[in-house]
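Taken in sequence, the protein lines are chains A and B. Mapped onto the working numbering, the consecutive letters of the first sequence carry residue numbers 1 to 268. Mapped onto the working numbering, the consecutive letters of the second sequence carry residue numbers 1 to 182.
To be clear, the hints were calculated from the coordinates, so they are not data collected in a lab. Built from N, CA and C at the ideal position, the CB exists for glycine as well. Keep in mind that the hints are not guaranteed to be accurate.
To be verified - Restraint ranges, calculated between C-beta atoms of paired labels, are given here: (1) A:Trp263 - B:Val138: 35 to 43 Å; (2) B:Gly126 - A:Lys3: 35 to 43 Å; (3) B:Ser2 - A:Ala53: 34 to 42 Å; (4) A:Pro113 - B:Leu118: 38 to 46 Å; (5) A:Asn94 - B:Ile123: 47 to 55 Å; (6) A:Lys3 - B:Lys160: 39 to 47 Å.
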Amino acid sequence: MLKRPHYIALGLIVFLTVVILNLPAKTSARLKLGLGSVFVPLFGLARSVQQTAAKTGDAVLPRSELIREKDALRAQNDELRLQLMQAEGMVRENERLRQQLGWQPHKNWKVKPANVVLREPSNWWRTVQIDLGSRDGVKVNFPVLTPEGLVGRISAVSLTRSQVALLGDPSCKVAARVDNPSRDTGVIGGSGPLDTGIVEMGYLSRTADLKPGQDVWTSGLGGIFPKDIFIGKVLDSRSEDYGMSTTARVKLAANLSALEEVWVMMEP
Amino acid sequence: MSWLNNIFVLVAAVVAVFWEAAFNGVRHLVGVQIDLLPPLMVYAALSGSLSTVCLLACGGGLLFDSLSANPLGITVLPLFAVGFVIHLWRDLILRDQPFAQTTLGVAAGAGVPVLTLLLLLTIGRGPRIGWGTLWQLVVLTLGSAVAAPIFFLLFEWLQKTLVHAPKVETSFRPDREIRRGR
Numbered sequence: 001m002l003k004r005p006h007y008i009a010l011g012l013i014v015f016l017t018v019v020i021l022n023l024p025a026k027t028s029a030r031l032k033l034g035l036g037s038v039f040v041p042l043f044g045l046a047r048s049v050q051q052t053a054a055k056t057g058d059a060v061l062p063r064s065e066l067i068r069e070k071d072a073l074r075a076q077n078d079e080l081r082l083q084l085m086q087a088e089g090m091v092r093e094n095e096r097l098r099q100q101l102g103w104q105p106h107k108n109w110k111v112k113p114a115n116v117v118l119r120e121p122s123n124w125w126r127t128v129q130i131d132l133g134s135r136d137g138v139k140v141n142f143p144v145l146t147p148e149g150l151v152g153r154i155s156a157v158s159l160t161r162s163q164v165a166l167l168g169d170p171s172c173k174v175a176a177r178v179d180n181p182s183r184d185t186g187v188i189g190g191s192g193p194l195d196t197g198i199v200e201m202g203y204l205s206r207t208a209d210l211k212p213g214q215d216v217w218t219s220g221l222g223g224i225f226p227k228d229i230f231i232g233k234v235l236d237s238r239s240e241d242y243g244m245s246t247t248a249r250v251k252l253a254a255n256l257s258a259l260e261e262v263w264v265m266m267e268p
Numbered sequence: 001m002s003w004l005n006n007i008f009v010l011v012a013a014v015v016a017v018f019w020e021a022a023f024n025g026v027r028h029l030v031g032v033q034i035d036l037l038p039p040l041m042v043y044a045a046l047s048g049s050l051s052t053v054c055l056l057a058c059g060g061g062l063l064f065d066s067l068s069a070n071p072l073g074i075t076v077l078p079l080f081a082v083g084f085v086i087h088l089w090r091d092l093i094l095r096d097q098p099f100a101q102t103t104l105g106v107a108a109g110a111g112v113p114v115l116t117l118l119l120l121l122t123i124g125r126g127p128r129i130g131w132g133t134l135w136q137l138v139v140l141t142l143g144s145a146v147a148a149p150i151f152f153l154l155f156e157w158l159q160k161t162l163v164h165a166p167k168v169e170t171s172f173r174p175d176r177e178i179r180r181g182r
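Use the sequences and the hints to build the structure in full.
Shown next, in the form of structure tokens:
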């Protein structure tokens with residue numbers, strides 16, 4: 001049934017697949033970059049369509065709605081400025097006390113805004129692509145967050161785009177701490193294929209005192225994510241490995257399925 | 001016009017991959033993104049030559065992997081396997097029938113993701129799988145079943161619009177005309 005051209009095609013494709021899968025990581029990444037550039041015209045097209053749609057939406061928005069929104073934003077801005085003033089006082093006090101104790105001063109976060117331009121086309125990974133690349137100073141492993149909380153880390157960088165491995169992806173593990181009296185620490189790992197807002201926190205102590213609603217923050221262990229970035233809240237917990245450890249389910253603060261703008265922490 | 005068909009298929013692959021990465025309406029609705037490459041492969045295997053199947057498997061697979069966290073090249077072999085099998089049996093398939101197109105769409109929609117997952121597990125890359133993967137496979141299969149006949153209609157329309165219809169020979173021959181005299 002199989003003829004000579006069939007054997008040749010089969011052999012060629014198998015050979016090509018084996019060769020490409022065994023390419024060195026650097027070459028493979030460059031090849032991915034080159035192939036990804038095919039989509040550049042479509043990026044431009046999609047962006048201009050979105051901008052036109054947004055402009056059309058802006059044009060038909062009633063003036064009364066804009067004024068109401070402006071008033072609400074002004075009130076929120078005043079409130080935030082007051083909170084900032086209070087926080088700055090606390091920061092100054094904190095720095096002074098740290099200096100007196102001889103502790104290292106806190107580093108300020110340097111963040112850069114980015115737009116989410118593409119989502120993972122396959123269903124078994126959880127990544128997005130953003131419009132910041134190596135020319136903007138982005139490097140692999142830089143943390144990515146939103147005002148609500150942690151989102152993930154940079155997993156690959158090209159000149160103009162970067163891939164972000166989101167929380168719950170097998171390649172994004174985060175050392176985390178629960179905000180409870182015993183300050184239990186664990187590792188945020190993967191999640192189910194359909195859970196976009198819930199991740200599992202494993203490696204918790206078997207005596208961990210976990211209650212639903214407790215806050216989960218980055219612990220700073222591991223060296224990738226700095227300390228005290230909000231991740232989410234504990235949903236529930238269960239005993240694992242015949243009672244040797246505890247695993248908790250954590251509801252993420254950031255809505256990963258509706259990401260549009262994110263912040264990249266440039267110098268963690 | 002096989003070269004034109006190849007170009008149509010490749011352009012469709014580029015647009016399909018971009019659509020999967022840029023538009024998330026279906027993902028928001030059912031939690032799963034539909035893959036359009038398997039139904040496109042059904043069309044390529046039934047309407048094109050073996051070179052079209054190879055071209056789509058390599059081009060589409062590599063483009064898909066370039067926007068994904070997949071290892072580069074992992075999608076090529078599953079796409080080709082599905083296209084190759086359909087191409088081998090194409091003479092026995094009623095390719096113009098929407099039922100046959102839908103059935104093959106179901107088979108391709110289930111076959112490609114399962115083979116890709118098996119390959120990923122074989123090379124030691126642990127993807128996110130669980131009971132929810134069954135739901136993903138159901139949606140991918142249904143999506144492919146719906147998309148396959150649509151691709152056939154779309155390409156038929158494109159061929160009609162952009163390619164000259166072949167000149168049909170009539171049975172009339174001037175030298176065999178019966179001339180009636182008085």
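Right, here's what the structure says about each hint:
no., hint, result
1, A:Trp263 - B:Val138: 35 to 43 Å, "holds, 37 Å"
2, B:Gly126 - A:Lys3: 35 to 43 Å, "holds, 39 Å"
3, B:Ser2 - A:Ala53: 34 to 42 Å, "holds, 39 Å"
4, A:Pro113 - B:Leu118: 38 to 46 Å, "holds, 40 Å"
5, A:Asn94 - B:Ile123: 47 to 55 Å, "holds, 49 Å"
6, A:Lys3 - B:Lys160: 39 to 47 Å, "violated, 32 Å"
In summary, the structure is inconsistent with hint 6 from the numbered list given earlier, while agreeing with all the others.
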